[in-house]
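Q: So in this note's numbering, spot 249 of the sequence shown is number 249, and the numbers just go up one at a time.
Where hints are given, some of them may not hold.
[Stated by the list, open to error] FRET-style restraints, in silico, Cβ to Cβ:
#: 1; residue 1: 166; residue 2: 76; range: 41 to 47 Å
#: 2; residue 1: 314; residue 2: 235; range: 22 to 28 Å
#: 3; residue 1: 128; residue 2: 102; range: 32 to 38 Å
#: 4; residue 1: 255; residue 2: 235; range: 19 to 25 Å
#: 5; residue 1: 87; residue 2: 308; range: 14 to 20 Å
#: 6; residue 1: 248; residue 2: 174; range: 34 to 40 Å
These are computed hints drawn from the structure, not numbers from a lab. Only a predicted model underlies this, so the values are computations on that prediction, with no experimental measurement involved. Note that CB positions come from ideal geometry on N, CA and C, so glycine has one too.
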Amino acid sequence: MEPGPELPPLRLAASIEAEGEGLSKPARLAGVLMVVNGFLLMAERSTMAKAAADGSLSSGGAPLLGSFLIGGLVAFGSTRAARLAQVVVFLGLTFVSLSLLGSGQRLLAGLQLCYSAGLLLLLFRRAPPWRAITGVILVALPFGMQTLGLYGIATGHFPLGRLMAASDLTGLGKGAVKGTEFQYLIDNPGRSWYARSAAALARDKAAADVWLTRPDRDAHILVVPEALGANMTLDMDRFQEAVIRNYAGSSFEVRTQTPIAAGAGEARLLQGKGRVSTGELDFLIALYVQPPYAVQVVGFGPAASFGEVSEDVLRVVTSLRF
């Protein structure tokens, strides 16, 4: 029996390497975008470190390492790195997005989906022009949001703040703002201010009766009332000490304290500074001891932009009346 024609051996590894030599431009672009993401993450961590009281850099170096190392190798045409990038990006698309969604961070989950889906469109096989363009647009969206977030931390201006918080906000209308569970009034801070919804209060600050916010400056005014027990008296100094302890997590420091006019009982205005992971905060806190109530009216916002809203905040926190 004559032997059949000799078949060429399967050279899968060689074919993969040959393909790697011609790694598509969209795939290499995906690597470049991963490196850009690394720089944005590094800028974000640097900003947070400067804002931290101890100046320390937060943990979480794996995303940085992955962005720079894997992205850099893909940008230079490594096929193996491209395959690894596909796996890493797919995990981000599924597990990271689901984890963010499960913790209630819907916006971050959506941005993670856009970033991962965009990279996959560029990485898998040879992307036709329409798919490459779609991938770049999807990746550009979270990049733009990250850049705006860094701009907001640096300047105290948040151009998309109103849009991002839209589902939690309700209009104030005209006239004084009424208490929800307690019978009191405070002045309306005016244009560009909103009230946070009852669902947002229950989720983020259940003790607050009213929460007003100006999202484009990340400024907030909270009314936190408490009913005193029958025949209970409360010393203003003790009340102030208790309030300051509640803000220990913000490293709150009183700079000035002055008495303010109140209908009955005592009232005091505290002006101070605090610090959180995103930077320095300015505070204006009015304390009211007017039996049978004790009330905190707390105004705060980023120090970088608080001067633009401080007059409105001061007017509101000192306007409480029963």
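Q: Now tell me if each hint is right for this structure.
A: Verification of the hints:
1. 166 / 76: 41 to 47 Å: Check passed, 42 Å falls within 41 to 47 Å.
2. 314 / 235: 22 to 28 Å: About 25 Å separates the Cβ atoms of residue 314 and residue 235, which means 22 to 28 Å holds.
3. 128 / 102: 32 to 38 Å: holds (35 Å)
4. 255 / 235: 19 to 25 Å: holds (22 Å)
5. 87 / 308: 14 to 20 Å: Given range 14 to 20 Å: violated, Cβ gap about 47 Å.
6. 248 / 174: 34 to 40 Å: holds (38 Å)
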